[in-house]
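Chain by chain, the residues run as shown.
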Amino acid sequence: MSAPDQPSTPTRVAVPDVPQEQAMIFVGATSVLMVIGSPDGKGGFDVIEHLDRPLPIARDIFRTGSVARSTVEQAATILRDYRLAVRDYGLNGSQVRLYNTNILLEASNHEIFLNRLQVTSGITPRLIDDGDMTRLVYQCARRMLLKDAKLSEGNVFFTHIGPGNTRALHFTKGRLTGYSNYRLGIFRAREAVNASEDEAPQSMAYLEEQIRGVVDHLAQDYSETRIDYHVAIGAEIQSVAPLLGAAKAGTIRLLEDDLEKFAEKLSRLTPDELVRRLHVNYTGGEGIVAALQTNLALARRFGDDAVLVPDGDFQRDLLIELMTVSPQTVIFQDEVMQAAAEVGCKYKTDRKHADQVAQFAQQLFRELQHLHGLDPKYELVLRVAATLHEVGMFVSPREHHKHSLYLLLNTELFGLSVADRTLVALLARYHRRYNPEPGHPHFADLSREERMIVFKLAALLRIADALDRSHAQRIRTIQLRPEGSRLFIQTRDVDDTTVEQIAINSKCDLFREIYGYEVILSKP
Amino acid sequence: MKSSSANPKRPVEAPVKISEEHFINRELSWLAFNERVLEEAARRELPVLERAKFLAITASNLDEFFMVRVGALQILREQGRRVRDVAGLTPTQQWDQIQQRVTEFVTRQYQILNGQVVPDLVANGIRRLQATELTPSQKTHLEEYFLEHLYPVLSPTAIDEGAKALSVPALHLIVLCAVQSLDDAGHEVTRQVFFTLPANLHRHVIVPGGEPGTHTYINIEDLLTLFMHHFFPSEKVVATARFRLSRNSDITLDDESAFDLATEMEEILGARLQSSTIRIEIEEGAPRQLVAMIRELCGGRAAQLYTVPGELDLRSQFMIATLGGFDELKVEPWDPQPTSAIEPGESIFDAIKRGDILLHHPYDAFDPVIQLIEDAATDPDVVAIKQILYRTAKNSRVISGLIKAAEAGKHVTVLVELKARFDEARNLERAEELQRAGAQIIYGVRGLKTHAKICMIMRRESGHMWRYMHFGTGNYNESTARLYTDISLLTCKQEFASDASAFFNTVTGRSRFVHFAKLSMAPFGLRERLLAMIESETERARKGDEAEIMLKMNALEDAEMIRALYEASRAGVKVRLNIRGICCLRPGVSGVSENITVVSIIDRYLEHARIYCFKQGGRPVVFISSADFMTRNLSKRVELLIPIEDPRARKRLLQIMETHFADSARGRMLDADRQWLALPATSKKRRRSQEIFAEEAARRATHRAESPDLLVPHRPKAK
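Protein sequence lines correspond, in order, to chains A and B. Numbering of the first sequence is given in my numbering, commencing with residue 70 and proceeding in unit increments. Numbering of the second sequence is given in my numbering, commencing with residue 13 and proceeding in unit increments.
Honestly, the hints are just simulated from the structure, not real lab data. Hints may be right or wrong, so weigh each one.
What the hints assert, rightly or not - With beta-carbon atoms standing in for the labels, derived distance ranges: (1) Gln438(A) x Gly459(B): 35 to 41 Å; (2) Thr102(B) x Ala316(A): 46 to 52 Å; (3) Arg96(B) x Ala316(A): 55 to 61 Å; (4) Gly110(A) x Asp557(B): 50 to 56 Å; (5) Arg346(A) x Arg712(B): 44 to 50 Å; (6) Ala316(A) x Val457(B): 49 to 55 Å; (7) Pro356(B) x Gly442(A): 53 to 59 Å; (8) Gln438(A) x Val457(B): 50 to 56 Å; (9) Arg554(B) x Lys216(A): 55 to 61 Å; (10) Ala218(A) x Arg554(B): 50 to 56 Å; (11) Val457(B) x Thr294(A): 48 to 54 Å; (12) Ala316(A) x Glu33(B): 43 to 49 Å; (13) Asp557(B) x Asp374(A): 56 to 62 Å.
What the hints assert, rightly or not - Partner residues aside, some chain A positions facing chain B, computed with beta carbon under 10 Å: (14) Val87; (15) Met103; (16) Arg122; (17) Ile147; (18) Leu153; (19) Tyr158; (20) Gly159.
For every residue, glycine included, the Cβ atom is placed at its ideal position computed from N, Cα and C.
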């Protein structure tokens, strides 16, 4: 008989039976999902429970601007039921996480909604923001590239059409070469059309009108880019793809003609028929035609005969992705740094200085871990801030830290959430001159913990920047040696470090205040 | 699957259009099934008590058939509906054909009873005495018995002059009598009185004074007639008649029976308050006036009337069949055997972890299934049990186990289906007990009956959650598990576990139906999966590949599935069906179904397993299921279809199928003319499938027991 494929357990050892599973609840655009994952022994998770209950969040928000009361109640009921399912596994609070779609931010009552979720579930809800979403779409794209040698060799254009936003990513030979984000989503488009309440053919036409503007913009952005394959990612397109083609190496190839006919057929079905035919839920069914139309519009605009679609359940994979302990792979960090460098290039920063400061910042962050005690994910935030701290120079060298702040607050940074981007902007703001004060805009909006993070990271950034005060990379390597109440930074690269020491003296009061060390530059 | 020498025929001419004539009416097909059961009662080589049992089964079956199916037909007739069934018959046509067929059936039933079974019983010391045969001392004894036990509980009900209807319960034995007295003027006055014999009275009353080792009894209705005068001290009983009514009342349905209602009939029934008589059985010899009166007062003008040449209600033969002693008149028991997949004393969880376990009940004992639940109740690592209960045994060990588990603080979730007929009260009572113990109880889901057989145990082992499942084709009922043939699969494979979790999340309303990896669930895709499997074989045949389908089920009735099988046959797929009861498919019709054969097995055990095998070019795909190919199962029930992936288990199921198809002893084959004929023997030796399975199970168990250091205790015979 074949061996069962549940996790292999050796004979009983005296290890306490602490649950290893993780539960991830996601309040999405059309439903509330819960996935319980069990460690697969390879750093990932196997899905062992998958629950799904419809909830018309997107419809409410894009129709009325807020989440309806009945929907709030429904969400609370669902969470109560999900808690029963979690109870069977005996998971503790830290093993259950609750995420929300970022379109929730567009609801006027999102605070009330989130509070209600927290009270009902006892779990602090978090938002999957734009940055998280970008990372998740990126990971989905990476997985496909890894599975298919053809794709990893070529120029691949990925589009993800979400409920409120559309993302485009371009890869050449497996590396990210372009990224952009647009305000075009399935439900945004659909609800605009729905208001007109027309018959199927007309509403299809309206939908196309709605979509056209953004599609043109997107096409313009990538007009110079070479594209060998177009991959469409998204919950809706991935749910219908298996009905139109068979998967090969994790990819389903859809002919544009087939997709067109299928979308047209679906547009004529009643919601009931959609549910029965496609096994989608009612609220999910509402978005499916809009999603297919948007994908089709893109495919047509780019003149594709066929689009590729990854095999698998998009949202389920997304939750599993969120579950993995170390969400930032080295490659992903490289991609983020690369994208940040490109932003820096756009604002004509001194690339060499930026790289050098980023390198010092990374070293300081790692070697002073025992002092700052921050989550490793802030290393990337610090590095991006180091790369981009001088973008404000693009506007004017005077008060350039303030220009950096507003430029970064308003620039899309690939792979960073809005919260992370705010941190980056504030670090740039405080890389020189004044120390953070509670009354400063944006800084004032942060929680106490977040302000502390700004202090800790800004102190590191200032040292890193001071070490390349000359912008000439005189110092390239350093060693850190704490001794008593002093931190010695030693370098053999130059004999005279007066310039840098002066910079340190003038900038590193922050470090002393936070960490209690005086920074001394010296020779070993 | 074995490739057979007889190659399927491939169509040459244009296909025949499938029409009504290619279907068999389900009522008539069911009657044919009951006729096959009846023929078991006529089987001379069977011990006489076994034959009595088969007689009783036919009677019990027929009662239910009338209440449900004929009852529904009558409603359609009353409403003047002319909806034709899939075979093109109107309700009235069906009604007429049923009456004709049942009349022949009853004649045959009593031929067997009076001509074969009773003489054999008498020859073996089991004897029903008539009043005239009693000795004076026996009579005295019985009179005492009558006065003590019957007189106080029987109540004579006078029929008022001008009465329009009699209010008597259905399926009870009624004795109607005419009593005479003289009025003041000295004229003879006759009035009618009836007695209802309560169902809780023993039908047979032992008559003392018989030889040792014999059983002599008198029927209670005879006893009543004999001493009826006690009720009428100043009158004279001049005539009696015995009869029994069937009504289309209280139609709730049992899934184990072959009966169900069309949706439109369910609606009608829901709206109906009054039920009407559909069958009157009168024991032969009743005076004509009383017969007329019964017809008149029991609303029986529209009913079917049967004059029965012998005692009414042959369900009483169950009592004879199960008499204590008389072992030589009973069949040699085939004791359920322990499976070799579980070492004695071994943890069931360890055994399942070693590999999937397939059980073929009742040859393989049901104990491992019970053990799974009982062990889970006390195992400290088990955190949760989820279970669907449909019909359970009296004092169910399964429910006791679940209560114990809930009391021990495990998270027990039980879906108790209350729509399972007869067992409702019992289920409800125990469900409340479960709830008090802390279990989460769900009483079915709206609009669908939950018929799937599944149990899941969640057990935490070294931090990992393991889920152990039992999937079955039969109920969690340790009593019927000794009488019904069923398949059980015990597994802990992860994908099956995830599907099982998803299944429970769906039926408990925690989640909408999400895609399953391995299983299929009705009404969300089970039918489609089966159709896809059939069509896949059809495609292979069209391409010229060898294609074959073997299906085993209780009933084949769904028109869509039948059409798919016809398509398969036409494409050249070899289709072999093993169907116990209803079969609306007509095999062997040229251009339609010439590659289809239908075999039915009626034997000691009730064939109950559902096994579906598809050749798939030599890599067979085999399923077990809780669902028949009936519209109700595929569209109106929550059912499960479970693929069997373990190669040994799959091979075993294929062998089980082949053994059934080669059953020359108990197998009957349906021909194109709707006749069931004995299955021709493929070898000189007569092969009887159930016997073969019992022998194999015993051999496997003996093989184990033969270990030199393992003693084999003699155990008392299982009851």
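**Item:** Index of numbered hints that the structure contradicts, given in increasing order
**Value:** 1, 3, 4, 6, 9, 10, 13
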